[in-house]
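Participant: Take a look at the letters that make up each chain.
There are 2 protein chains.
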Amino acid sequence: MTGRKIFLNTDEMPRKWYNILADIKMNPPLGPDGNPIGPEALAPVFPMNLIEQEVSTERWIDIPEPVLDVYSIWRPSPLVRALALEKALDTPAKIYFKDESVSPPGSHKPNTAVAQVYYNKEFGIERICTETGAGQWGSALSFACSQFGLECKVFMVRISFDQKPYRKSMMAAWGGECVPSPSMATKAGQEALSKDPNTPGSLGIAISEAIEAAVGDETGKTRYSLGSVLNHVMLHQTVIGLEAKKQLEKVGDYPDVVIGCAGGGSNFAGVAFPFVRDKINGKQIDIYPVEPAGCPTLTRGPFVYDHGDTARYTPMLPMHSLGHTFVPPPIHAGGLRYHGMAPTVSQLVAEGIAEPKSVTQVSAYDAGVLFARTEGIIPAPETTHAIAGAIEEAKKAKEEGKEKVILFNYSGHGLLDLAAYDKYFAGEIHNIEMSDEDLQSSEEVFKDFPTPEALKSR
Amino acid sequence: MTGRKIFLNTDEMPRKWYNILADIKMNPPLGPDGNPIGPEALAPVFPMNLIEQEVSTERWIDIPEPVLDVYSIWRPSPLVRALALEKALDTPAKIYFKDESVSPPGSHKPNTAVAQVYYNKEFGIERICTETGAGQWGSALSFACSQFGLECKVFMVRISFDQKPYRKSMMAAWGGECVPSPSMATKAGQEALSKDPNTPGSLGIAISEAIEAAVGDETGKTRYSLGSVLNHVMLHQTVIGLEAKKQLEKVGDYPDVVIGCAGGGSNFAGVAFPFVRDKINGKQIDIYPVEPAGCPTLTRGPFVYDHGDTARYTPMLPMHSLGHTFVPPPIHAGGLRYHGMAPTVSQLVAEGIAEPKSVTQVSAYDAGVLFARTEGIIPAPETTHAIAGAIEEAKKAKEEGKEKVILFNYSGHGLLDLAAYDKYFAGEIHNIEMSDEDLQSSEEVFKDFPTPEALKSR
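Note that the protein sequences, when read in sequence, are chains A and B. 0 is the number of the first residue of the first sequence in numbering that gives the first Met the number 0; add one for each residue after it. 0 is the number of the first residue of the second sequence in numbering that gives the first Met the number 0; add one for each residue after it.
Possibly wrong hints are sitting among the right ones.
Pairs involving identical chains hold if they fit within one copy or between any two copies, as the list cannot separate such chains.
Derived SDA-like pairs (lysine to any residue); straight-line CA-CA distance at most 25 angstroms [claimed, not checked]:
{"no.": "1", "residue 1": "Lys120", "residue 2": "Glu85"}
{"no.": "2", "residue 1": "Lys86", "residue 2": "Lys403"}
{"no.": "3", "residue 1": "Lys120", "residue 2": "Asp89"}
{"no.": "4", "residue 1": "Lys86", "residue 2": "Glu391"}
{"no.": "5", "residue 1": "Lys24", "residue 2": "Glu354"}
{"no.": "6", "residue 1": "Lys397", "residue 2": "Pro91"}
{"no.": "7", "residue 1": "Lys120", "residue 2": "Leu88"}
{"no.": "8", "residue 1": "Lys245", "residue 2": "Asn8"}
{"no.": "9", "residue 1": "Lys15", "residue 2": "Arg3"}
{"no.": "10", "residue 1": "Lys86", "residue 2": "Gly174"}
{"no.": "11", "residue 1": "Lys278", "residue 2": "Val250"}
{"no.": "12", "residue 1": "Lys86", "residue 2": "Ser71"}
{"no.": "13", "residue 1": "Lys4", "residue 2": "Ala87"}
{"no.": "14", "residue 1": "Lys249", "residue 2": "Asn8"}
{"no.": "15", "residue 1": "Lys86", "residue 2": "Glu150"}
{"no.": "16", "residue 1": "Lys422", "residue 2": "Asp161"}
{"no.": "17", "residue 1": "Lys15", "residue 2": "Met47"}
{"no.": "18", "residue 1": "Lys245", "residue 2": "Gly2"}
{"no.": "19", "residue 1": "Lys422", "residue 2": "Pro179"}
{"no.": "20", "residue 1": "Lys194", "residue 2": "Arg311"}
Please keep in mind that the hints were generated in silico from the structure rather than gathered at the bench. These numbers come from a predicted model, not from an experiment.
Between the sequences and the hints, there should be enough to build the whole structure, so can you do that?
Facilitator: Below, the structure written as structure tokens:
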């Protein structure tokens, strides 16, 4: 019997996160006046210790003991050789996936949620507000808050709130409060509802609501928390790739291709950044973020300065964007419905270090079902995009007759997304692609903003 | 940082199951005429290789390579020290749980599903029919059938079918077909519906339906599969306790108390039987099956001969029973809604080797929520009974000031049962206990059957 899993013991867990800001140059975030902002501008939104981490350029940052302790509930996560999928594809490629679905909320999200809640607690914060798309982030933050004894309030994009009722229950099990967004509780929410009372909502609107709710607390004990996009979030997620690297070393392999699905960019960054470092240092390696054709931020959106949220509460960030007012179509991969992309990931794409791919909704589900019936586990709709990317590479390897090592991030399970699989089997899942007209009109919103340069890393 | 998890590597997985029939004496199953039946009587229902296993008294039975290979998708499962729960309870006890929730369907059930499907396939069977209560078993069998390429049809107890719609979707993801029971597709189902068109259904009825559907296939290529109760099912589950023992050895511990929730008995048997063997050989160890007060088979039902199903298609088995016509109340722990109990488990109770406990529904959920907010993972409603049992023992240890090692089986996660947690938080979960009148009237059905003796093991 060939072993499928490569385990690490608790004491083999990485003790430091890898900070990509040590190895690439970034355009700074800009304030409303178009000038770079300093850390203090973010102080009402985030605790200062996290802001310091956001701007740090130290290459290695210690993971605090209490964070490691909570990580140890599910980390180190297994690295799995997808032997049954390889067999079904009859490919000479070796396919490995890093199984981040084993965390309590079922995704990679708690890697940063636990860290963020810890730093907030250290800073004296008692309550955290956030938004969530598919519900993975809101669950992760509720879980993390319950571990450290903080309160948690989650604004959940309405379409996902309706499609995935169990996510709210999951947050409740950990003591978190979840409301659908847009809500009437914030100005940003009221405005969105007045424009369209039937809006499915969007991450952009939900972010505005959560920031408003956090900043509006006059006790000063509430902060906002973001589950993706920002540098410190990417930093915390690198534990994924660092573990995967150790695990591959144990079996004497190194990836030719690294793949992650990309919405805001954090699970992709998590698996890829430790390998990006090697690529910058000369390794030959293909790095593919895979996004949905219905929300093609990296593959079709330009590299611009834009806001991270609809109400423009956030600074302008240098990133690929479909425009901060863009409401992505109601694809089932709610976690990939975001108009922007992490500046670090955007920068890598601008420099050609990472090459984005897009996948249609139907082919993503095809890949998910093949995966469930071979590897035995049912992926989240977001994760099916990474699987589709990996399958494409494995097929290419077969055509070329090449032995290739493919690593992808299995970012989450689909156990709370089974209703979407029902629709797939009922033939009710359709491809949604963005039209050129929609793209042009959504780009209108940033046409007067400054333009970032694609700064070279080296 | 103290490690929470004790892992085994793939090559440390047990290579043999432990067969308790080598160590205890059992009353034989009886046919309709009241005489012991031979293996051939079961041939239309089960493949002969599994029937041989059902009656074998060999102590150790090899786990076939292809079964080990599928096991390796999630096995060896982690043994976890519940440090956060211990801290919350301020107990001197060490609490360990064996995490069987990490399997693809989310419970211990595939330990036997994979084995049964393998043996059916070896015997030339192409299609398997079964019943499911909470949906864990139906999912597990669908998963196992998808791994070996067999067809799967599942009759799901109607109340769970309605309460847990995602279970059906999960089975569909693996290619299984799931219908609510009672159905109009079988005589047994038609009869149940004619008696009460609004019946919540029961495992007893669903078993009758599945047997009828299997035996009725004239091609001879269909068999029935049972997820609990029978000897070969208990056998396959012993991989749980055998792994746990190895894992405890690694940290130099041995349990004073072993706990599992008990519906049909299989997850309890899985964790407990390898320790029962030690107890029979002289070890001092408390062994507690924990059942719901709403379906108190072991704690209040007598040790009798009774049928395993409502339509009396099964032989009479020597077991604790509430009567084969008993329809358990609609408690949320659907997997514990069964009138009978595995004959092997019943025999251990009759001999005083295992001491059953019962837990009310509300205290089970209290325990489940405490567990979710300390250990971080959300248990299945069935599993909360084992947790409640473990918490009670940990509290007792505190009162007595005793350092005690408690091991319980974390039989499954509650991610598809979150609607029940919603009800708990809404104050809509109530205690349901069986009245003496109900007990007496349900006992009527076996009063003319033969009586088993509590045969001594040694």
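Participant: A separate judgement is required for each hint: does it hold in the structure or not?
Facilitator: Status of the hints after comparison with the structure:
1. Lys120 - Glu85: For Lys120 and Glu85, only the inter-copy Cα distance (23 angstroms) is at most 25 angstroms; the intra-copy one is 45 angstroms.
2. Lys86 - Lys403: within (14 angstroms within a copy, 48 angstroms between copies)
3. Lys120 - Asp89: Close across copies (23 angstroms), not inside one copy (50 angstroms); limit 25 angstroms.
4. Lys86 - Glu391: within (15 angstroms within a copy, 48 angstroms between copies)
5. Lys24 - Glu354: within (18 angstroms within a copy, 67 angstroms between copies)
6. Lys397 - Pro91: within (6 angstroms within a copy, 58 angstroms between copies)
7. Lys120 - Leu88: between (48 angstroms within a copy, 23 angstroms between copies)
8. Lys245 - Asn8: So Lys245 and Asn8 pass the 25 angstroms test inside a copy (11 angstroms) and across (16 angstroms) alike.
9. Lys15 - Arg3: This pair counts as between: shortest inter-copy Cα distance 20 angstroms, intra-copy 27 angstroms.
10. Lys86 - Gly174: Result: close only across copies, 19 angstroms inter versus 44 angstroms intra.
11. Lys278 - Val250: Intra 21 angstroms, inter 41 angstroms, cutoff 25 angstroms: intra-copy only.
12. Lys86 - Ser71: between (33 angstroms within a copy, 16 angstroms between copies)
13. Lys4 - Ala87: within (18 angstroms within a copy, 33 angstroms between copies)
14. Lys249 - Asn8: For Lys249 and Asn8, the Cα distance is within 25 angstroms both inside one copy (12 angstroms) and across copies (13 angstroms).
15. Lys86 - Glu150: between (47 angstroms within a copy, 21 angstroms between copies)
16. Lys422 - Asp161: both (15 angstroms within a copy, 18 angstroms between copies)
17. Lys15 - Met47: For Lys15 and Met47, only the intra-copy Cα distance (20 angstroms) is at most 25 angstroms; the inter-copy one is 56 angstroms.
18. Lys245 - Gly2: Both: 17 angstroms inside a chain and 19 angstroms across chains, each within 25 angstroms.
19. Lys422 - Pro179: both (23 angstroms within a copy, 20 angstroms between copies)
20. Lys194 - Arg311: For Lys194 and Arg311, the Cα distance is within 25 angstroms only inside one copy (16 angstroms; across copies 63 angstroms).
When the structure is compared with the earlier hints, no violation turns up for any of them.
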